[in-house]
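**Student:** Next come the chains, spelled out residue by residue.
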Amino acid sequence: MSLDAAITTKVAPAILPGSGGLRGALSDLFWREPKLLLLLMLLPPVLWLGIVYIGSLFALLLQSFFLIDEFSGLINREFTLKTYGDLFQAANLDIILRTATMAALVTFASAIIAFPIAYYAARYARGRWKALFYLGVMLPLWSSYLVKIYAWKLILAKEGILTWLLAKLNLLWLLDAWLSLPVVGGNSLSVSFTGTFIVFVYVWLPFMILPVQAALERVPSNLVEASSDLGASPGQTFRNVLFPLALPGIVAGSIFTFSLTLGDYIIPQIIGTSRLFIGQAVYSQQGTAGNIPLAAAFTVVPIVIMGFYLWGAKRMGAFDAL
Amino acid sequence: MTSAVSFARVSRHFGSVRAVDAVDLDIVPGEFFAMLGPSGSGKTTCLRLIAGFEQPTAGSIAIFGERAEGVPPYRRNVNTVFQDYALFPHLNVLDNVAYGLMVKGVGKPERQKAAEEALSLVRLPGYGARRPGQLSGGQRQRVALARALVNQPKVLLLDEPLGALDLKLRENMQEELKSLQKALGITFVFVTHDQGEALSMADRVAVFNDGKIMQIGTPEDIYQRPKTRFVADFVGSSNVLPPDFVQRYSGQHRWGSLRPESIRVGSAASGDGVAARLVSTNYLGATTRLALDAGGLRLHAIVPAGTALPEQGEAVVLTFNREHLHLMDEPA
Numbered sequence: 144m145s146l147d148a149a150i151t152t153k154v155a156p157a158i159l160p161g162s163g164g165l166r167g168a169l170s171d172l173f174w175r176e177p178k179l180l181l182l183l184m185l186l187p188p189v190l191w192l193g194i195v196y197i198g199s200l201f202a203l204l205l206q207s208f209f210l211i212d213e214f215s216g217l218i219n220r221e222f223t224l225k226t227y228g229d230l231f232q233a234a235n236l237d238i239i240l241r242t243a244t245m246a247a248l249v250t251f252a253s254a255i256i257a258f259p260i261a262y263y264a265a266r267y268a269r270g271r272w273k274a275l276f277y278l279g280v281m282l283p284l285w286s287s288y289l290v291k292i293y294a295w296k297l298i299l300a301k302e303g304i305l306t307w308l309l310a311k312l313n314l315l316w317l318l319d320a321w322l323s324l325p326v327v328g329g330n331s332l333s334v335s336f337t338g339t340f341i342v343f344v345y346v347w348l349p350f351m352i353l354p355v356q357a358a359l360e361r362v363p364s365n366l367v368e369a370s371s372d373l374g375a376s377p378g379q380t381f382r383n384v385l386f387p388l389a390l391p392g393i394v395a396g397s398i399f400t401f402s403l404t405l406g407d408y409i410i411p412q413i414i415g416t417s418r419l420f421i422g423q424a425v426y427s428q429q430g431t432a433g434n435i436p437l438a439a440a441f442t443v444v445p446i447v448i449m450g451f452y453l454w455g456a457k458r459m460g461a462f463d464a465l
Numbered sequence: 190m191t192s193a194v195s196f197a198r199v200s201r202h203f204g205s206v207r208a209v210d211a212v213d214l215d216i217v218p219g220e221f222f223a224m225l226g227p228s229g230s231g232k233t234t235c236l237r238l239i240a241g242f243e244q245p246t247a248g249s250i251a252i253f254g255e256r257a258e259g260v261p262p263y264r265r266n267v268n269t270v271f272q273d274y275a276l277f278p279h280l281n282v283l284d285n286v287a288y289g290l291m292v293k294g295v296g297k298p299e300r301q302k303a304a305e306e307a308l309s310l311v312r313l314p315g316y317g318a319r320r321p322g323q324l325s326g327g328q329r330q331r332v333a334l335a336r337a338l339v340n341q342p343k344v345l346l347l348d349e350p351l352g353a354l355d356l357k358l359r360e361n362m363q364e365e366l367k368s369l370q371k372a373l374g375i376t377f378v379f380v381t382h383d384q385g386e387a388l389s390m391a392d393r394v395a396v397f398n399d400g401k402i403m404q405i406g407t408p409e410d411i412y413q414r415p416k417t418r419f420v421a422d423f424v425g426s427s428n429v430l431p432p433d434f435v436q437r438y439s440g441q442h443r444w445g446s447l448r449p450e451s452i453r454v455g456s457a458a459s460g461d462g463v464a465a466r467l468v469s470t471n472y473l474g475a476t477t478r479l480a481l482d483a484g485g486l487r488l489h490a491i492v493p494a495g496t497a498l499p500e501q502g503e504a505v506v507l508t509f510n511r512e513h514l515h516l517m518d519e520p521a
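In order, the protein sequences belong to chains A and B.
Position 37 of the first sequence, counted from 1, bears residue number 180 in this note's numbering, the numbering being contiguous throughout.
Position 297 of the second sequence, counted from 1, bears residue number 486 in this note's numbering, the numbering being contiguous throughout.
Treat the hints with caution; some may be incorrect.
[What the hints assert, rightly or not] List time: in silico DMTMM-like cross-link candidates among lysine to aspartate or glutamate, alpha-carbon distance up to 20 Å:
| hint | chain 1 | residue 1 | chain 2 | residue 2 |
| --- | --- | --- | --- | --- |
| 1 | B | 401 | B | 273 |
| 2 | B | 357 | B | 273 |
| 3 | B | 293 | A | 368 |
| 4 | B | 343 | A | 360 |
| 5 | B | 343 | B | 399 |
| 6 | B | 416 | B | 273 |
[Unchecked claim] If you anchor each label on the Cβ, the simulated ranges turn out as follows:
| hint | chain 1 | residue 1 | chain 2 | residue 2 | range |
| --- | --- | --- | --- | --- | --- |
| 7 | B | 258 | A | 313 | 44 to 52 Å |
| 8 | A | 284 | B | 309 | 53 to 61 Å |
| 9 | B | 306 | A | 317 | 51 to 59 Å |
Read the hints as simulated data drawn from the structure, not as lab findings.
Virtual Cβ for every residue (Gly too), placed ideally from N, Cα, C.
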């Protein structure tokens, strides 16, 4: 048999037959009706998000409009804004202001520390150094949160390594001077707001570095060159090009650091003073005090603050570069 | 007269790669200078050395007589039109154009007026409020040009600025750039790998290969009188003729070049000439390009469209005017 004959006898049809069976029929159906496939894929997560996630949040919101009966300790299921009014009592307002200030400071410090690291990773690190960067940033996230905080308690304690190191460097007077300051000071770093601040920054820093790095990664390096070419000094290039283009990343990172600090109740309980943060207030109101409505109202505070924060960021044009 | 840009034995090495290797170069003020070469030939690195994005490994660079080594880009009165334009995505067109004046501290009304004028110059008046993302490739190119020109640079550097445009737009922009350069009198240094672009726009052309300049001259020089096989081959794909072949026609044992359009193709019966065989024909619109085999030597000829052509594989006779046979400097 010649080669020609072999080719002509094996000639393929223009349209291939279906693979048959249920799978073949389903493949063809999904190809013809792509929206059906999309619906099937989205249904489970949407149900989860809609019912379990948003639903429970809504239930929480509902709780905050109820009021606890001070004598019986029972929840009075009638609509009232009185629980929200309780938030404005001096003690509660203190908690809110303290937490918001801490969250803002932690976010600010995280952004300042994260930017150079993220900048290096996005612009200079290649290959092995990049892998090392990711490892270095992620590694703390792999170990237990509680272990890290207790480790920090030891580091910051009066007998801890930090005090020892400063003593060796003859800089103990600096630490003592800082600790003698009102508000930020205390007996030792581990029982001061400064300690709480340091540990918050440590724990949330990766959540700032990664989005900023992702944002900087998307800035073409020739924009920096173009800015320099047009006469901008490195400082002007940072202010006019790099910072505005990294801003969406910084805002994304600050959403993490800000909201995580607003809601955390473990760090301020282990490290810091006995004054409460929102998370601790929620914890004690729903637990020992049994005042679910007030706990719910406290929980709404971070949501409202974040809402205003994002609205303000949008107004300032933080997302224009997206 | 001082040169606009002067390179003295300038090298730029990246590890063991000699991107630019001992280049001497003098660009005359007010001229349209093209750097032509294949990718990786060092032309773009030369441009970046002038802009200040790269520092020379050896040698010295002067811009209008002033030493430029160690001077950062932002202190050079030189502006660049980048290959992919590098417009700032977070600024509108007017702020993009006004950027250079803004960082120099020019007041807002003044710099916006200058930016408007620059936009009119590149025929984009009234586009100031748009974002770069809303513009077509050709419009972005003009904005990049306006953004550089508004600073009134001593030298304007253009890094393959027309590479991303389609043919029609590219031809328009070539003419516009040329007339703009004549009108403004600014020194233009233009990097391209497109020989047609270099020849049609530039006053002088430097042909680069392997980090070295192969030849500097007017477009006519480069095209008619290439000095080396590389230049002959790269600029307009001339026929490169080996020394033995050249000796038969000129008496000199040297490499030669012959433009494809200088070759006449006749039938085998028409008489004297180089015996050859037609390998293939390539229809190019206004002309037809013929691939020929003359006893193992591959030649190309370009004939006007409509010329009666022999069949493929047919024997033909090639003739040419001996004056058109150019002898190259390159040793045999």
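**Student:** Could you run down the list of hints and mark each one as holding or not?
**Tutor:** Each hint, compared with the structure:
no.: 1; hint: 401/B to 273/B; verdict: 25 Å, violated
no.: 2; hint: 357/B to 273/B; verdict: 19 Å, holds
no.: 3; hint: 293/B to 368/A; verdict: 16 Å, holds
no.: 4; hint: 343/B to 360/A; verdict: 33 Å, violated
no.: 5; hint: 343/B to 399/B; verdict: 29 Å, violated
no.: 6; hint: 416/B to 273/B; verdict: 33 Å, violated
no.: 7; hint: 258/B to 313/A: 44 to 52 Å; verdict: 45 Å, holds
no.: 8; hint: 284/A to 309/B: 53 to 61 Å; verdict: 55 Å, holds
no.: 9; hint: 306/B to 317/A: 51 to 59 Å; verdict: 57 Å, holds
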